[in-house]
Amino acid sequence: MIQNVWLIPALPLAAFLISGLLGRRWLHHWTGVIASTAVGASAVIAIGVFLEVLGGKTRTIVSLYEWIGVGDFRVNVAALVDPLSSVMLLVVTVVSFLIFVYSNGYMAHDHGFYRFFAWMSLFVFAMLILVMADNFLLLFVGWEGVGLCSYLLIGFWFERPAPYVAAKKAFVMNRIGDWGYTIGMITIFLVFNSLNFTDVFARVEENPPTQSVLTLIAIALFFGATGKSAQLPLYSWLPDAMEGPTPVSALIHAATMVTAGVYLVARSTPLFAAAGPALGIVGIVGAVTAIFAATIALVQFDIKRVMAYSTVSQLGYMFLALGVGAPVAAIFHLATHAFFKALLFLGSGSVIHAVGGEQDMRKMGGLRRKLPVTYWTMLLAGGALAALPPLAGFWSKDEIVGAAFTNGYPILWAIGIFTAVLTAFYVTRALWMTFHGEPRDHHLHDHAHESPGVMTLPLMALAVGTVVLGFAIGWPPEAGFIHRFLTPSVEIPGESEHVAEVGTIVVLAIVSLAAGVLGILVALAMYVRRRPDPVAVARAAGPYYRILVNKYYIDELYDHRFVDAMRALFGIAWAFDIHIVDGIANRLGWLAVLGGGGLRRVQTGIVGNYALTIVAGLLVLLVAYGGYAAGVFTR
Amino acid sequence: MPEGPFGLDPVIWAPLRLIIAVLLAVGLVFNGALAQIYLERKIQAIIQDRIGPLHTGPWGLLQTFADAIKLLGKEDIRARLTDKWFFLAAPSIVFSPMIASFVVVPFAPGIVGANLNIGLLYLTTLGSMTVLGIVIAGWASNNKYSLIGGLRSAGQLISYEVPQILSLVTVVLLVGTLSMVGIAESQPDWRINFLILPLAFVTYFIAGLAETNRNPFDLPEAESELVAGFLTEYSGMRWAIFFLAEYGEVTVVSAIATTLWFGAWHGPLTDRLPLLGVIWFTLKTYFFVLVFMWIRATLPRLRIDQLMSLCWKVLIPLTLTNLMVTSVLLLAYPSSRIPVAIANWILLGLFGLAVPFFQRRRLASLRERLRAAAA
Amino acid sequence: MSVSLGAFVAVSAVLFFIGTAGVLVRRNAIVILMCVELMLNAANLALVAFSRRSASVDERGSVFVVFIFVIAAAEVAVGLAIVLAAYRNRPTVDVDEIQRMKG
Amino acid sequence: MTYDVVEPIFFALLTIGIVSAGAGVVLANRITTSALLMAFSFLNVAGMFVLLGAETVAAFQVLIYVGAITVLILYGVMFTPQQPRAYGLFFQKQTPLAAIVVVPIAIFVALFAFSFRDAPEAGAKGHDLEPLATSVFRDFGFPFEVASVLLLAAMIGAIVLVKRDEE
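Protein chains in written order, with the working numbering: chain G, 1 to 635; chain R, 1001 to 1375; chain E, 2001 to 2103; chain S, 3001 to 3167.
Isolated chain G, as found in the complex (with noise of 0.2 Å):
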């Protein structure tokens, strides 16, 4: 099995292909159905090769051919097969295949179905070649790869402004993050003359380069990260991403895609650990990113804006998890999190599907009994956000904040468990305004209904994940299944990581429900018993709101201070090149008309007349070859 790893990501580049080129003439419809059976297929594949690595197979590496061979520098398409691959390869189909099959619900009457297939399917691949990649080049393909297809999809309704300037924000900000990745891969072939991950952790670990040289390839690495995961400084565009259709964001924007700089974090973990402050800084930016985007979540209305900022909160945490030393806890609650924000997108496309695309919660509300199944599992998702045992999200959030503190980061700890709060808080808000209280807008209202069987399937299905698979893969806390099989890959050499006693597990658990149940108990205050009134807290707290609302101005800054400071450094480059560049330029082109109109003559427009030239031209060669072998020049 483990040999034909291949077919997981050929599978849904066949799909792609079959999809893409056949889609819009003959297949129609039937392309929801080949994508998700290919993805399907995938998906049994991954599962047969996770149990193969369960088996003891830890690490194989499946060459297919060699992609570069140019002296020294060698790249092989090539899949690194170990826990973190594999865990990473079933998180991916799975979740993939069970939106796949929800969007054939959900798209069903887009005029632009095939193209969405093809696209979604060309992702799948892309992503699972990113994950799968056994060196730095080879996962960047696969890293662009998901970036185009990312593109593509939140400007898949590309008919209106809004989603095409979306997805040209997303494209670009990334480019930004790329720049820094593409600088790391550069740095590491010139440091260590190799991209596989194999020669370049080893030769970290034997004869490691200078510090300061390792600290670039950290950082310039996580800046790729942090473009891709949606980080403090490139984070603004995962929002805007939501304009896609909702399966995009559940599937690119809050499960795979965005987790992909986790993913290249955790892989890298040796460089990492060996390059000092870099894991300090991932950390602090992680904490930071985590409770900056779990303050504008609080007083978000958009219910899919809300979802993306705390995606973007919860990859926060990620990268804090990556930053203390606990990739594992990272990895844990990167797949907890493809489930339960998976669902929880699924559920909001599931309303907005009932509501008629409206994505206002305050236009929604007492949609309960409309939607029982959406309400049920997006329930359970939500407490899996607010980390409520024994849900899934409890069990890694908890790894996270305990790691935090038992690896000495209190001030961390602090952080994580404030953001901890904020969540329960938001999440709760955007649950009791879309399903609970009064209808506030009856038309709506009266024509919800529940989404058919193909969407809310994979509803329940993505909840019973979000329901078993925290305990099921964590239990013992700190020492639980996920631990044993993920700690062989992204060990951090010479560091054993710090066992604290059960005692602290156990108080520190305490605290975080705590957290989450206070957040809960204080929204539900505010929402259910208008005591303090939101809107009387919102006008209280007037600048801090109208800050919050705004997103921390962020977009304004971007906009005019880089974007203007660019504007006229790029004036004065225009100057420079109408006046000086062109003028030079122009200066030349009067010579080359004076001799052109000189030469013009010779352009007489009779082939014959060519030909006549070439042939003379050989008779000149001829006579000067003859006079080289007589010697006549060397004289």
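Among the hints, a few may not be true.
[What the hints assert, rightly or not] With a cut-off of at most 30 Å between alpha-carbon atoms, the simulated DSBU-like pairs for lysine-lysine come out as follows:
1. R:K1144 x R:K1084
2. R:K1084 x R:K1070
3. R:K1313 x S:K3093
4. S:K3163 x R:K1144
5. G:K363 x G:K551
6. R:K1074 x R:K1084
[To be verified] Anything over 10 Å on all C-beta distances counts as not near chain E; from chain G, calculated:
7. I2
8. G145
9. E206
10. R369
11. H447
12. T487
13. A565
14. F576
15. W590
16. A592
17. V607
18. G608
19. A611
These are calculated hints, taken from the structure and not from any lab test.
For every residue, glycine included, the Cβ atom is placed at its ideal position computed from N, Cα and C.
Add chains R, E and S to chain G, keeping to what the hints say.
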């Protein structure tokens, strides 16, 4: 040096062999043409429920001789505005490649003009030269019917060369030699290539019908639209040479089919009496000649666009598929031919099933268009 | 081996320059195409001669002849297409009268 | 009569055929004559190939040049009007200049050509079919693929060029 088969000294045998082969070829072409014309008339007559030639000689056997004498005795006419040298050269340009083809036809073990190692390539080469003669004939006649006939013929021949050669290449892939003798020897007893590559045979035969300008592909000489095509201005002996060339081509195509797919000279008792191979070979060849006549009597003529689309949209994709499948299977199973055979029979079956399906759809769309035009 | 390699190459050279002369002196585009074919054939002849009569055991020279066949076929097809397209624009195949490239 | 005696005779005949037919292509007034003489010249070159022992190449030569290229050129001739022309319109004005340039090179190269000698061990070469096939499909497999792409491109290009705009 080839080993003399009948205890003869190879020095004597080598020229003798050539002479025998040439005699056989000439006999096949000239006598064969006479016999074929007679047979053609008789068979068409039988199929059309007539009697056919009856009065000249017993059962009308001498009718073709009489016709031949009539043609020889005809006045040699050449219209004034025809292009003299080209007009004269065209019949021989058509005729000589055909007669040269017989050099490599393996009549029996040892009885072959020359065992060229590129025999099959040589045959296709000669086949392609015929086009030149026909184009020249059409052009030199200085007659628009002739010109159109000649150009049509050139287009048809060039197009159908592609599926024809592709079908041949399939067999070459299987056998691994281009030599006609080698191909003949590769199918002893009952293990003929037809059992392995039936589809290649069918496509070759269809392409062969077109290559020889026979029904249902005799567009270049379609009387109803082009008088007699490039033959319009020809009469007497020169016309007879074109005619001989056509019958000769039919014989060559049949001989190639016999050699490549039906075991050439192999038949009962040939292992004891090798010369018997000549008879077997001639019988098999004439069987296909009879099939040619049968087709002529039963099938209507195609239109020019149907002819071209049959070649480019049906035969070439089909032969290419066949070639690809065969080569892949031969690479995958180098020791066994059973997979190739199975694949080929399946493809043939699919082809046979698809023909009525597409025909019905085409007819339906035609009727639709007629109804729309009427409305 | 009574005919030496040099003789074959000499014939090839003569044919090549006949073709060259044709390209240079004729005005009809189709004849010029034919003369180009003659030149290609001369090259073929030289290649085959060297391939058969030189010391190497393989058929490298003849391989290039095969590629020249391909190129010649492509060249004639495209060349004739260009001539026909040009003829459709201006009713002449005389290269002296097709002077669009005149500077 | 051994082969050594026959070979020069054939060589002489073929040379006469090639050179005279080639000259005919250049000098013939009627374009169809040119085309046919060209085909004849190709056939003679094929004969040369047989003389050199390269039967496969000879077969391809006839198949492609006589069977395909000549027919194509004849097509071209028939689609464009041809009339015999006065001498001044027949040759280009640069003819004398061309003669001055070409003749010296031709004489030089033809004389230089005789300096090539056979390799002594090259006489024992057998048929060219198998070595040719090995070279084309094994050593030159990739160029072969490229050549097929070239043919495809040429085919599409020719169709696009000749296709009439459908209005």
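We went through each hint and held it up to the structure:
1. With a C-alpha separation of about 17 Å, the suggested pair K1144 (chain R) and K1084 (chain R) falls inside the 30 Å cut-off, and the hint holds.
2. Restraint check for K1084 (chain R) and K1070 (chain R): satisfied, since their Cα atoms lie roughly 24 Å apart, inside the 30 Å limit.
3. For the proposed pair K1313 (chain R) and K3093 (chain S), the alpha carbon gap of about 49 Å is over 30 Å, so the pair is violated.
4. Taking the CA atoms of K3163 (chain S) and K1144 (chain R), the gap is near 23 Å; set against the 30 Å cutoff, the hint holds.
5. The hinted pair formed by K363 (chain G) and K551 (chain G) meets the criterion: a straight-line CA distance of about 22 Å does not exceed 30 Å.
6. Simply put, K1074 (chain R) and K1084 (chain R) have alpha-carbon atoms about 19 Å apart, close enough for the 30 Å limit, and the pair holds.
7. With a minimum CB-CB distance of about 43 Å to chain E, I2 (chain G) clears the 10 Å threshold, and the non-interface call stands.
8. Look at G145 (chain G): its CB is around 36 Å from the nearest CB on chain E, clear of 10 Å, so calling it non-interface holds up.
9. Listed as a non-interface residue, E206 (chain G) keeps its Cβ farther than 10 Å from every Cβ of chain E; the least gap is roughly 49 Å.
10. At the 10 Å boundary, the C-beta of R369 (chain G) stays outside the reach of chain E, the nearest C-beta of that chain being 73 Å off.
11. The Cβ of H447 (chain G) sits about 62 Å from the closest Cβ of chain E, beyond the 10 Å cut-off, so the non-interface label holds.
12. Once the 10 Å rule is applied to beta carbons, T487 (chain G) is consistent with being away from chain E; the minimum gap is 59 Å.
13. The claim that A565 (chain G) is not at the interface with chain E holds, since no C-beta of that chain comes within 10 Å of its own (minimum 48 Å).
14. Interface exclusion of F576 (chain G) from chain E stands, the closest Cβ pair being 35 Å apart, more than 10 Å.
15. Annotated as non-interface, W590 (chain G) keeps its C-beta farther than 10 Å from every C-beta of chain E; the closest such distance is 18 Å.
16. For A592 (chain G), the condition that its CB be more than 10 Å from all CB atoms of chain E holds, with the nearest at approximately 13 Å.
17. Not every C-beta of chain E lies more than 10 Å from that of V607 (chain G), the closest at about 5 Å, which undercuts listing it as non-interface.
18. Some Cβ of chain E comes within 10 Å of the Cβ of G608 (chain G); the nearest lies about 6 Å off, and the non-interface call is violated.
19. Annotated as non-interface, A611 (chain G) brings its C-beta within 10 Å of a C-beta of chain E; the closest such distance is 5 Å.
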